[in-house]
Amino acid sequence: IAGITQAPTSQILAAGRRMTLRCTQDMRHNAMYWYRQDLGLGLRLIHYSNTAGTTGKGEVPDGYSVSRANTDDFPLTLASAVPSQTSVYFCAAEPEAGYNEQFFGPGTRLTVL
Amino acid sequence: SQQGEEDPQALSIQEGENATMNCSYKTSINNLQWYRQNSGRGLVHLILIRSNEREKHSGRLRVTLDTSKKSSSLLITASRAADTASYFCATVSGGSYIPTFGRGTSLIVHP
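Respectively, the protein sequence lines represent chains Z and U.
59 is the number that the numbering used here gives to position 59 of the first sequence; each next residue is one higher, with no gaps.
77 is the number that the numbering used here gives to position 77 of the second sequence; each next residue is one higher, with no gaps.
Some clues are possibly wrong.
One side only, chain Z facing chain U, incomplete, derived with CB under 7 Å [claimed, not checked]:
#1 Leu-43
#2 Pro-61
#3 Gly-98
#4 Glu-101
#5 Phe-104
#6 Pro-106
What the hints contain is simulated information worked out from the structure, not anything from laboratory work.
Yeah, the Cβ is synthetic: ideal placement off N, Cα and C, and Gly gets one too.
Isolated chain Z (complex conformation):
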């Protein structure tokens, strides 16, 4: 692994289903983030984690949950998917929150029907 990996690459999901997007980093960075990117709206922050064991809500947290059991993994869960959650999801990591550059994963394209 080099950097950040995300899985799956893409997914089509029926509305109402539960889905977990995976994000793993091998850089041992403290801060991690989940964004969604929608056409014309840029990137919007869903949830973040400044360090293992802590999480916080971003701009658009409703319908999503995260956990940070260890430094490397930061999964994003949609408990009951809705069509408005159709988007491209990016995970990012940063050495320390707010002071450095962010490293982004390749993204997960999610379609909720």
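Use these hints to put chain U onto chain Z, whose structure you have.
Leaving out everything else, chain U in the frame of chain Z:
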């Protein structure tokens, strides 16, 4: 809501020309970052400029920051077709440490 807003939304130029993109923001910042995103890919960090800096260079990239006007510009000199991408600014404000991204500028460089 976006803290930083890029201008223009779209820019189309010929190879060899310079490309300038601007970012305006509303509240005081700790730092401002520029990222590039090629179609279908994740964002890649270009330059970070801190609030006490006025200008930074990296290869063909030059970033300026004017805190009195709450604005930043990204200049790409001698553009290439490979520079075709979307460019985003992200601001980190004092106290929050959470970066906020703008909607981006879509740059097309024609060969």
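For each hint, the structure was consulted:
A hinted interface residue such as Z:Leu-43 counts as satisfied when its beta carbon comes closer than 7 Å to some beta carbon of chain U; here the least separation is about 4 Å, so the hint holds. The restraint placing Z:Pro-61 at the interface with chain U is violated, with a minimum CB-CB distance near 12 Å, outside the 7 Å limit. Among the interface hints, the one on Z:Gly-98 holds; its C-beta lies about 3 Å from the nearest C-beta in chain U, closer than the 7 Å criterion. Interface restraint check: Z:Glu-101 against chain U, minimum CB-CB distance 4 Å, threshold 7 Å, status holds.
Residue-level restraint check for Z:Phe-104 holds (minimum Cβ-Cβ distance to chain U is 4 Å; threshold 7 Å). Contact between Z:Pro-106 and chain U, as hinted, is supported at the beta carbon level, the nearest pair being about 5 Å apart and thus within 7 Å.
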